[in-house]
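Student: Hey, can you work out the whole structure from these sequences and the hints?
Protein sequences appear in the order of chains A and B. Heads up: the first sequence at position 11 corresponds to 11 in the numbering used here, and the numbers run straight through without jumps. Heads up: the second sequence at position 323 corresponds to 323 in the numbering used here, and the numbers run straight through without jumps.
Just so you know, these hints were derived from the structure itself, not from any lab. This one's a predicted model, so the numbers in the text were calculated from it and none came from an experiment. The beta-carbon is built from N, C-alpha and C at its ideal position, and this holds for glycine as well. A couple of the hints might just be wrong.
Quick list of simulated restraints, FRET-style, between CB atoms [to be verified]:
| # | chain 1 | residue 1 | chain 2 | residue 2 | range |
| --- | --- | --- | --- | --- | --- |
| 1 | B | Ile815 | A | Asp80 | 24 to 32 Å |
| 2 | B | Ala418 | A | Arg136 | 55 to 63 Å |
| 3 | A | Gly20 | B | Ala418 | 23 to 31 Å |
| 4 | B | Lys3 | A | Ser147 | 21 to 29 Å |
| 5 | A | Trp125 | B | Lys844 | 40 to 48 Å |
| 6 | A | Asp80 | B | Ala806 | 50 to 58 Å |
So the derived list for chain A, only partly shown, Cβ under 8 Å to chain B, looks like this [unchecked claim]:
| # | residue |
| --- | --- |
| 7 | Leu60 |
| 8 | Asp61 |
| 9 | Ile116 |
| 10 | Ala117 |
DSSO-like cross-link-like pairs, simulated, lysine-lysine; straight-line CA separation at most 27 Å [as the list claims (entries may be wrong)]:
| # | chain 1 | residue 1 | chain 2 | residue 2 |
| --- | --- | --- | --- | --- |
| 11 | B | Lys3 | A | Lys90 |
| 12 | B | Lys3 | A | Lys81 |
| 13 | B | Lys115 | A | Lys79 |
| 14 | B | Lys683 | B | Lys115 |
| 15 | B | Lys393 | B | Lys7 |
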Amino acid sequence: MNADTAAARVENATKVYGSGDTTVTALDDVTISFERGKFTAIMGPSGSGKSTLLHCVAGLDDLTGGSVFIGSVRLGDLKDKELTLLRREKVGFIFQAFNLIPTLDAAENITLPVNIAGRDADPAWFDTVVDTVGLRDRLTHRPSELSGGQQQRVAAARALVSRPEIVFADEPSGNLDSKSSAELLGFMRRAVDEFGQTIVMVTHDAHAAAFADRVVFLADGRQSGELADPTADQILEYLKSLGG
Amino acid sequence: MLKLALKGVLAHKVRLAMTAVAIVLGVAFVSGTYVFTDSITRSFEQLFRDANAGVDLVVQGVSDFGTTVPRIDEGILANVKAVPGVEVAAPSVSGSAQIVAPAPCEKGPGADPAKPCPIGGNGPPTLGFSYVPEGVGLTTFNLTEGDWPAAADDVLVNAHTAEAGHLAVGDVVDVITPAGVEPFHISGIASFGEDDSLMGATLAVFGFDTAQRIFDSEGQISSISVVLDPLLDPTVVQAQISSFLPDGVEVITGADQTENNLDEFASGIGFINTILLVIAGVAVFVGAFLIQNTFRIIVAQRTRELAMLRAIGATARQTTTMVILEALFVGVVASAIGIGVGVLIAFGLKSAFGAFGFGLPATALVIAPRTIIVGFVVGIVVTLGSTLVPARKAAQVPPIAALRDVDTPPRSLGRRIAVGVGVTGLGLLMLLVGLFVTFDNALSVVGLGALVTFVGVSLVAPLIARGFARWVGGPMARTGVAGRLAQENAMRRPRRTASTASALMIGVALVSVIAVFSASAKAGVADVFREQFSTDFQVRLTGFSDPTAAGLPPALGAALRTLPEVSVVVTDRFGDFRFAGDTEAGFLLAVDGPYDQVVHIDMVAGSPADLGPGDALVGRADSERLGIRVGDTVTIQFASLVTADLRVVGIYEDTAIGLPLVIDYTTYEQHIAFRLDRFVYVKTAAGVDLEQARVAITAVTDAYPSAAVTDTEELIGDLESQIDGLLNLLVVLLAFAIIIALLGIVNTLALSISERKREIGLLRAVGMQRRQVRRMVRWEAVLIALFGGVLGLAVGLALGIALVVAVGEGLRLTIPGGQLFTYLIAAGLGGVLAAAIPARRGAKLDILDAIAYE
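Tutor: As structure tokens, this is what we get:
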């Protein structure tokens, strides 16, 4: 894969926690590229390093060794301030939980990243995003007045409203029932197909991963394989083969 | 960010309200003090202007320091009248005159109901004036009933006095004056100024000749008010009059007189202002701890929210700004409320002063722009200052915290030890320097040192908090799981426990200092009196009074001298003076009679028995400083700036008398106009039973309702209760700071309960009863409060001991163990009280809600 077409990539990424006897190697020399305009899922059992990988690519955590690039920018060279600005301009996030500021209503939460940057949201784009996630009639509600699925769709809308180069999602459907989960993932899929958005998602749910263009598997901090355009069954099959 | 900050404030209404209360109380105290003192000053300004209105010139004795204005020779009056252009020259003579209301009358508890009661005194002055017809209109007296005093036994009283004693025109009342107690006939009632409130002073006006007699001023007057032909230049006449005035007499304009009065008043009120502001400062300082703690907890609780903001692109500066904006908002709103409450406090102070007998003019409260500005500056600066650390914490929240459910591990306490110990050391050093080295503003250095010490101790406190909770919480933990968990909770966040306790520490430390100081003062007084007094009885004014402004008529001492039951009667008096060449004035003691027979005096040289007119005894310290020996001449200066050369006949150890100079009454009365005695010392004649002597003495003093007869032990008891009363007043004022600190405990508990919602839900789910939850919260509060109490006692003891050692003279270091222990218990109970609401809230938590995920 050509490095120029990658929205983000890691090269020889290593991450070690702790010191002495208690060291844990979460990432062990991982090299992966995430293609522009594609929906990539990262899967793996607990402790495989999938969340750590996401945190490091997103610039939330530092690597012990190796490098991370968003576009052509090497994150290791950036100061905290520059990193913050990079996240603000080029990255969107959807977390598993605690995505929203409880004191702001849905609309304010969606425009938060743009407002933090001191700008106003592009009204046309805001409308497009809001209609896509189907939150038009919920904009003035506080998070506590929204269902879990609605809250996550607000989070997704927020991640998209600043037109980031790449969106990172950490188990976005982890707390949702299957219907809400499908709605959210369907929306993420459309964001990739219709707006050409790049999305990287960590999940342990094969049904969620099946929405992706490509699934990367991690085990013990290393890439253990990948599937292109898989179905949920193919993914489950693959996971079984790993287990066996 | 502004929007987010505002929403944050609205979302945390309750906890920010608690913070706001701390600021409101502090600001209210500050602005209340200003409103109060400004209002008094304004109304007295008016009074003084009215009093001197219409008076062009005033001729009076020079009074450079002290409170007693010297008399001038009456002969000057004729000379002044003879000056061309002088239209009116009204003489006035003033002194002390206390009206006695006939029994039955209202009086304090425990007083003999059959006895008449003196009106006023015990703080506010009892003033007497003379009346001359040409002076009407030149004073602030407005006749409201009856007539001016015409006959020799007439007296006019002010409305306040008439009201207090239920007196009417035509009544006959006894009046205590330097000449003794005499009956007078009330000829009229007048108001003084607009509404007749002069800080509770009682005023009596007598005919001119009577006034001269009863104030022991034959041939003398206090001042002359001069009205000039309006066409003349007052400065020319002033110069003319000035040219023939003897030394010690001056002529000034009415306007200058007003300014002098105002200056004198301002320095008096400035003292009250300073005390109130210091206490307000303590309240604000304690409030700062509370604010800091609240914001710290709010930031900790919002770690994930802040981290999320950081993750989606908020810079560190933006999160800091958000917290600061929240603080700013709270500070502004709370300061505004505080200023409003301050006006109410000023009302309260005014009525409190009224209740204590210091009636104040009923003028409108003055809210100066300065009051509002200072209120806002104090409120906002304190809030922002206390938020700096939490705001920096907000900036340090890493974005990754949004994704991980972990506490950021607390930074090591190592650096804190160094800083805390350093700061504490600096504070103690400042304290010691301020206490033991003499220089200007030493007192402010002491205050600042105490402040720095408090901050230092609060920095070190988290280190001790864990150990304290382990040891003191040990017995608690044995009472059951609730106690055990409470102990763990207090240990889990030593910083929070410590900083909550620190607020309480300050209040407890200050009341402990007061306790140590007052116990030492009482012990010192008792020591001195037991050692020095070799009399059987003393007679003195009841209550608390200024010995240069109030006292017993000399007639009382004279009457006692005639009793066959007594052998020795000695009286003494205070006066203002300074050694020639000094700038600081002090008090001298004048004695009449064989002083060495009633008081033990440790003499270094010479003999007190030799003291006669023109002689002086000098304290050792000043004799060494001035290089004076027995037989030398010492030159002293009186308030009139007149000097006198006195022959030194003895030098004594200072502790024996406590004042630097002793003279006799003849010398005193030559130079000082004050005519009232402080003490009458009485020694029973040989062979007379003490009880019998007391009956005889009391028979004489019964005519003087303001006099009290005591033996030495009773006198010590009286003085001890006076010291207690004074210091209890301070403790009551400091209660403000302690209330704020308790609010801090309420706040911390409430916050940590909402933080531990899940945990409490889990405990309830596995079977903990509501009662046990309540108990757990209560124990934690008690632990925090006791920790604050113990820290406070430790710091307070250290400060108190240092203070007592530094003051030294007249004090004997005494640690009031029982009282301090009571404070500690009170602190613990305060904790229980503070826990009431949070405990109920904790117990009421709905289990399902508490353990529900998100």
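Student: The structure should be examined with respect to each hint, and the outcome stated for every one.
Tutor: Results of checking the hints against the structure:
| no. | hint | result |
| --- | --- | --- |
| 1 | B:Ile815 to A:Asp80: 24 to 32 Å | 54 Å, violated |
| 2 | B:Ala418 to A:Arg136: 55 to 63 Å | 59 Å, holds |
| 3 | A:Gly20 to B:Ala418: 23 to 31 Å | 27 Å, holds |
| 4 | B:Lys3 to A:Ser147: 21 to 29 Å | 25 Å, holds |
| 5 | A:Trp125 to B:Lys844: 40 to 48 Å | 46 Å, holds |
| 6 | A:Asp80 to B:Ala806: 50 to 58 Å | 51 Å, holds |
| 7 | Leu60 | 4 Å, holds |
| 8 | Asp61 | 5 Å, holds |
| 9 | Ile116 | 5 Å, holds |
| 10 | Ala117 | 6 Å, holds |
| 11 | B:Lys3 to A:Lys90 | 24 Å, holds |
| 12 | B:Lys3 to A:Lys81 | 22 Å, holds |
| 13 | B:Lys115 to A:Lys79 | 87 Å, violated |
| 14 | B:Lys683 to B:Lys115 | 26 Å, holds |
| 15 | B:Lys393 to B:Lys7 | 20 Å, holds |
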